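This is what each chain is made of:
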Amino acid sequence: MLRRFDGRSSMPEQRRSPGEVLKAFLTPNRAQGVIAVILCLVSMAAVWQMRANREDQTYSALRRDELIALLDQLNTNNNELRREIDEQSEQRRQLRSGAASERLAQEQARKRIQELAILGGTAPAQGPGITIRITDPKNAVTAQLLLDAVEEMRDAGAEVMELNGVRIVASSAFGGDPGEVTVDGSPIRAPYVLKVIGEPHALAEGARFRGGLVSQAQAPEVGADVTITPSDLLIITALHTPVDPRYAKPA
Amino acid sequence: MIAVVGLALGILLGLVLEPTLPAFLAPYLPIMIIAALDALFGAARAYLEGTFADRVFVVSFFSNVLIAALIVWIGDQIGVGGQLSTGVVVVLGIRIFNNAAAIRRAILHA
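Note that the protein sequences, when read in sequence, are chains A and B.
Under my numbering, residues 12 to 262 are what the first sequence spells out, in order.
Under my numbering, residues 235 to 344 are what the second sequence spells out, in order.
It is worth saying that the hints were derived from the structure and are not from the lab.
Just so you know, these numbers come straight off a predicted model, no measurement behind them.
Every residue, glycine too, gets a C-beta built ideally from N, C-alpha and C.
Honestly, I wouldn't trust all of these hints.
[To be verified] Now the in silico label distances, taken between C-beta atoms and shown as ranges:
| hint | chain 1 | residue 1 | chain 2 | residue 2 | range |
| --- | --- | --- | --- | --- | --- |
| 1 | A | R65 | B | N332 | 24 to 32 angstroms |
| 2 | A | N86 | B | V250 | 22 to 30 angstroms |
| 3 | B | V250 | A | N90 | 43 to 51 angstroms |
| 4 | B | A344 | A | F36 | 19 to 27 angstroms |
Next up, chain B with everything else stripped away, as it sits in the complex (with noise of 0.2 angstroms):
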């Protein structure tokens, strides 16, 4: 419940607020996005089987969220960054539909 509150929060504060991302992140922001979203896909699969923890959630979408963009921004000096941003997302992309297919199972047993 709290969740879906803190959700809806925060679909209305970036509306609200319309900030202006500042250059450097512009870049990153969208890795962290993805990043993000395969930690909560991460948490409601650990959730369903039992095993979820806050703590380990918010240090693993913290971390998760930092690496990816770190790794971006290596890429972006080394001079590889399109690459690594593509490599990224491909990796999370199938880490989320693992976790996708975990949580199928979990509710639907099928």
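One chain only, chain A, in its complex shape (with noise of 0.2 angstroms):
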């Protein structure tokens, strides 16, 4: 039933062999046309193919329930990333909210400790003042004289002290005879310059008033001559240095 073109004439053997083959392959015939011109078109789809599937990275090539699995995945995708978004945005926004409010109490820990360092005498401090400078020629100065003389400018509104290089706080003791008056523990000389910082002109009216600092450093059995300078920036550099508590404990 089968007709052969082959380019032979007899019948051949049930089996090629390799040379047979190769000779064939060498010998153009009708069926070799054939099989270039199928091969031709086949080879072309190919290329094609290919080339559509290299550069068709669109969808047009997928079918339609392929797209919609597809579509859904993507859907899927979306929303669990925009979940993630929603929970990455708001931890962001508590961890904001939590830096901010940090920061803060930190700012206000430092003020207050700039506040307390101050108050405590650990601190350099510096503002408007007077300065007090007592003369003694008469080697009358009491120790009594000068912690009424502190006394008063603590109540005409002094923030910080220092007398003679010694910074007075609250704990400051004035002890001595007069001529050899001690600021804590220190003895100190006339003349005896009070540094004072707070409001110039109240701190000049408390030591002026009738009865007050001027008045009794000027008494004619102590003989002391007193001279106030306003200033308007006074810079006190002496330090306290805090003794901790031995027995009293934060409550």
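With the hints as a guide, bring both chains together as one complex.
What follows is the structure in structure tokens.
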């Protein structure tokens, strides 16, 4: 039934040897022409398909159900990612507000530390104030008189005080005899120079009122001379070394 | 010899022409190529076994290609296109392997 167009006149044996195949390969005939045309078509189609496959990342070559599955998956991914974004931004918000409040607390704590350091005499301070200079020609200025002077300045609103290079704090103690007065254990000599930071006018008034520091010091039995100099910027660098309390603890 | 020239010419044409595939053909061309490969392997086997006939080859080639595309097209119409194209590829693949085994036996006698 089958006609053979293999270029042979005689019926070939059932199997061909490689040599025969090679020979037939090199001899043109009609069958080869047909195969050539077919191969041409197939290879052309294959190359097109390869190119299309490589370039075509758009989904035009996909079937409808594949596209639907793809769309479903994209939607699911989208929702998941959106939820993740929500979670992350919420977390970010929390972290940010936490950081802000922490910064605020730190700021306040730092400010309070500064205030307390000025009050406790562990930090230098500056500001307007007055300088009171008390000479003592008769060696008659007592520790009591100096303590009174400090108390009066406190009453007049003094914030930071320094007496002959010693920072006056809440625990400062005056002692010694006239002429050899000690503050916090360190001896000081006349003239006594009291630097006070506060409102200059109020401080000067506090020193000058009748029966106050000036009148006491200039009384005939003391015979001291008091000079009060207001200034806009007074710098107090003397520091007090705080001692840890042995008995008192924060309650 | 002419066959190799035809193959080279086809590749060249495919590279040079850069055609855009018609959209309706795009899903079926891969299946058609597989069917064509199957037909070619079948032809090679027939030739080696001495039963090759070019008319049979041409007819079987085009009918195989058309039937493969038709099956997948029908599958697409009734909503099982993906499964059917997988099935066609599997069947054609099996046939290609069978033919390749026969060719190997014919050439290498092993």
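Does the structure break any of the earlier hints, and which numbers would those be?
-> Hint check: 2 fails alone, others pass.
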